[in-house]
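Peer 1: Sequence:
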Amino acid sequence: MILTACSSDDDSGLTDDDNGNLSNSFITAKINGNDFEAVPVDRGVSTISAQLVQNEAFFTFTIAGIDLGVEITQGEAIAFSLAGTSFDLVTEGLQINNPITNPLALQFAGGYSSNGTGGENFDFDTDGSSGFLRIDMIDKQEQIISGAFEFEVENSDTGEVFQITDGTFNNINYVID
Numbered sequence: 001m002i003l004t005a006c007s008s009d010d011d012s013g014l015t016d017d018d019n020g021n022l023s024n025s026f027i028t029a030k031i032n033g034n035d036f037e038a039v040p041v042d043r044g045v046s047t048i049s050a051q052l053v054q055n056e057a058f059f060t061f062t063i064a065g066i067d068l069g070v071e072i073t074q075g076e077a078i079a080f081s082l083a084g085t086s087f088d089l090v091t092e093g094l095q096i097n098n099p100i101t102n103p104l105a106l107q108f109a110g111g112y113s114s115n116g117t118g119g120e121n122f123d124f125d126t127d128g129s130s131g132f133l134r135i136d137m138i139d140k141q142e143q144i145i146s147g148a149f150e151f152e153v154e155n156s157d158t159g160e161v162f163q164i165t166d167g168t169f170n171n172i173n174y175v176i177d
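So the sequence shown is numbered by the working numbering: it starts at 1 and just counts up by one.
Treat the hints with care, since some could be wrong.
If you anchor each label on the Cβ, the simulated ranges turn out as follows [unchecked claim]:
{"no.": "1", "residue 1": "71", "residue 2": "142", "range": "29 to 39 Å"}
{"no.": "2", "residue 1": "51", "residue 2": "100", "range": "17 to 27 Å"}
{"no.": "3", "residue 1": "91", "residue 2": "161", "range": "31 to 41 Å"}
{"no.": "4", "residue 1": "37", "residue 2": "161", "range": "16 to 26 Å"}
{"no.": "5", "residue 1": "71", "residue 2": "166", "range": "19 to 29 Å"}
{"no.": "6", "residue 1": "141", "residue 2": "161", "range": "32 to 42 Å"}
Just so you know, the hints here were simulated from the structure itself, not pulled from any lab data. Every residue gets a Cβ at the ideal spot worked out from N, C-alpha and C, and that includes glycine.
Whenever a hint applies, use it, and build me the whole structure from the sequences.
Peer 2: Right, dumping it as structure tokens:
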């Protein structure tokens, strides 16, 4: 006799048993209206990362997420960076809107790649002509951040425009280098 069992339990952290919403760490957005979800998975590839690099003169803070396909070499990736003179300026409620009118103020840029783990390079909104980045929660002791974003990028080779809308990042742990 052979006994098999299947479980519908999924401990990937995607749902909250209380109300069915996404929980834990994730990055979600719409890319030209299509869903994007980067969630931590155990497939040998880091799907969410965040890093703060700072010195006496400036800082850069980058968050990136990959929505993996069936094959881990396929997927889409979103990244966005915040830069300025002091990370102390990054607080809950901060919103940076593009275009930036003061180049000495905080700035952000967003990027997108249709093949996140190999292949094409990121296309970035280098002119800062659209979008926003908002910090909804930041715990600098625990190094966790949440917020929202929106931006537009143009593929430099084809001219195709990607509208990144309804972006949310939640409980993202960051490292300091």
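Peer 1: Flag every earlier hint the structure violates by its number, smallest first.
Peer 2: none
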